Amino acid sequence: MVAKEEKKKAISRLKSMYPLRAKVDESYQKSVEAMRAGKPAAWAMVNWWQGDPIVKAMDVEVVYPENYGTVCASAGIAESYLDRADADGFPTHLCGYSRNTFGYTSRMIKEFGGEIPPDAPMGGMPKPVLLLSSDAVCDARYKWFQALGRYMGVPLWTLEMPIPGVKELFMEGVYERCINFMVKELREFVAFLERLLGRKMDWSSLDETVNTMIELCRVWHEVNELRKAKPCPMHSRDFWSAMPASLFLLGDVKDSLELYRDMYNEVKYRVDNHIGAIAEEKYRLAFSELPPWHSLGFFDRLAERGWNFVIESWAYHPPIPIDLSGVSDPLERIARLAFQWQVGYFEGAVKEKEYFGYMGYPYLVYAREYKYDGAFLHPLITCRSASTHLKYVQEMLMRKVKVPSIVIEGDIVDLRLFDPADALSKAEPFEETMEHYKKVRKEEGFDW
Amino acid sequence: MVAETKGLARAREIYQDRPRRAKELKAEGRKIVGYLCIYSPSEMMTALDLVPYRIFGDMKEPTTEADRGLPAAFCPIMRSCLHLGLKGRYDFLDGMVVAHSCDAQEKTVHVWECLISPPYFHFLDVPGTVHKASQDYFKEGLKDLKKTLESFAGKELSSEKLKRAIEAHNQQRSLVREMYELRKPDPPLISGTETLQVIKALMSIPVEEGNELLKQVITEVKERKDGPQKKPARLLIWGSTIDDISLIEIIETAEANLVVDDHCGGTRAYWTDVELTEDPIDGLAYHYLVELKCPRTYVDAVYGGTSKDYMADLESRFGYIKDYAKGWNVNGVILQSVRYCDCHGFETPQIKDYLDSLGLPNTYLEHDYSEGALAALRTRVQAFLEMIRL
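In the order they appear, the protein sequences are chains A and B. Letter by letter, the first sequence follows residues 1 to 448 in my numbering. Letter by letter, the second sequence follows residues 1 to 390 in my numbering.
If you are wondering where the hints come from, they were derived from the structure by calculation, not from laboratory data. On a predicted model such as this, the values are computed, not experimentally measured, just so you know. Idealized CB from N, CA, C, for every residue including glycine. Mixed in with the good hints there might be a few duds.
Said to hold, decoys possible - Partial pick of chain A residues on the chain B-facing surface, computed with a CB cut under 7 Å:
(1) HIS93
(2) ALA140
(3) PRO162
(4) LYS184
(5) GLU185
Claimed, not checked - Listed below are the simulated EDC-like cross-link pairs for lysine to aspartate or glutamate, each with C-alpha atoms no more than 20 Å apart in a straight line:
(6) LYS146/B <-> GLU168/A
(7) LYS308/B <-> GLU188/A
(8) LYS353/A <-> ASP125/B
(9) LYS402/A <-> GLU444/A
(10) LYS9/A <-> GLU304/A
(11) LYS143/B <-> GLU176/A
(12) LYS147/B <-> GLU168/A
(13) LYS400/A <-> ASP125/B
(14) LYS147/B <-> GLU444/A
(15) LYS147/B <-> GLU176/A
(16) LYS15/A <-> GLU26/A
(17) LYS56/A <-> GLU26/A
(18) LYS353/A <-> ASP94/B
(19) LYS56/A <-> GLU222/A
(20) LYS282/A <-> ASP262/A
(21) LYS15/A <-> ASP59/A
(22) LYS167/A <-> GLU140/B
(23) LYS439/A <-> GLU428/A
(24) LYS139/B <-> GLU168/A
(25) LYS254/A <-> GLU222/A
(26) LYS184/A <-> GLU140/B
Using the sequences and the accompanying hints, generate a full structural model.
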């Protein structure tokens, strides 16, 4: 028992993470209760700050089937939903989150007449009045909601996220054209919501929500900037626990902002006092992409070996802050914030001729700034978007900064595809590799 | 160089050695521009005297080099294309115009640009929706493409030149549709295998040569007496790119004639003309974003509708397949997709629902774009033909 408790302390979790996480969980429960009581509900994809502030301002409760996929995986019920999706004819190679949703929805509609299945974890997802998808990052996220039409006659809106090429972004007029496109689409989305819900947008509420969201993203970015310190004061486990309040805007945005500020103060204190997230930081690592939600204890075992995870995937981080105070239209502020996330690293990428400017290149920037010794790459068998770039990242990190990668395959939902014991058996050899490349970097003049 | 062979023989010859003609043209001073799928507007390249050349994979070759840039659990067609690129098989290309059709392609081309670095490379973003704002955005993206193409070609692309190129490509579309008409009789006058050879040849040579080839093929097919034999099943094949005749031969050596298709190695690039608008880029934008049929695009039955009717949704997305089935007297449909194709994978249960509603027997075949998959596919095709035995 004592040994077990000592193992739990291998990662020193941030105290400020717990109230933030509790607020997120509490808000989810409140949303489900409100929806059960008849309040309009939406199922939404992560939309990188485009749709969430708008539906919040329209007083629509939102649940996220992607998130719910992790809940079902952690609760051990995902397999039954995956099997059901297979039986309904969906190919098994499709996104695990989507197949979980198909299985869940099939059961909800066909067995329970639209009511939440009684064994659904965390209160389930009530039948929505709106499906909100986004074409950012992956095709699955709108094809999946389109396919839900098989089960539910629910209207669907797809948010647009333009993705120009790295070079093409810097052609005359392209940046502003992308913003204009996004603003037009958002305006159409607001009009659609007003028709759907039979009420008008509360623009002052939206204005306030957007301002709070921008500040929240800035503070959250600053928290992560502090992790460049040695030893790194905050482990990826805390990042993942805290990220839903930013990435999905889960919870009350004002409350979340205050809790992120508390987190900043705690992390700053650790930096000032040289307190690391693990007892003895021997190796600094980046993690990509989504973690094995069902096996997070795996990181404790690595922490015992001195592995500190100091940075994660670009996709889940807030945008590099930009000054939006001069932009009066809240929809334009939304567009500029979201687009900054999408292309915020393109300027460096084009200079370095690294044309995978959003999902790939940021790892190179992080390597230099966070000075990590190795990249833990976690390709997901049913998530192409979170896996496609990893080979390239591996190649680029070695070519540009002599940082090695370890590749451990897994999945976001299907826990059978991740073997923690096998992964741990590769830790020692990878430590030798990281030691070797520390010497190589030194010989080649790198400063870490 | 004047081709010694004509018609179907010429198409077969090009199919078997696609780069040969492109390399001849390059030796004559023409610039060859590669593209990966049908969302890159060939008309613009043609208008600047560039030769559009479609990059295909090779299902007969293991994709070992692709591991340098792409994961194993990934679109095998894109892996094959990148593999060939890294092996230097596309080194004769002077440049590339690539479009954000699906995400697999979008991500592959970024890797391609980094690892292979063609002298000219333009990435064309394509919105996921067809809203008016999306059309406007896409049109401006085409104007950007025009600028970089002009710079690459060293000449200006006038509206008149572009209109002439659109006319030439529309003529090709019209001739392809005429060729498909020859598959309506029972037995069809031209096989699916021959059709694929012709289509793949068209995507390897300048449009004028392609149009001449099509005229030869149509004349030859109308006159010949040794076309395909009558068979009980008349099938439509749908799905991800088919660029190798092996899969078609499996069907046509069984008790079936493949009479029409819906994939981007067949009808998809040719079924509607580009409207000749005053500003020709308007017509191109509408055609490439709205009219091309590929599951990569999200289409609403009613734009911004606040209610949803599943059958109306299916009709708006797949109604053209009903027209194919009626027009070509189809009595069975093979749905096929490479593994890890999200766009077609999500679509499959829905198109099955639609075909079931029409009473059209159908089956779904998934494969990994390799020769090794063919034996299993043969068994599945035979089982399907047994099932629909007429």
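**Q.** Hint numbers not upheld by this structure, sorted from lowest to highest
**A.** Failing hints, ascending: 13, 14, 19, 20, 21.
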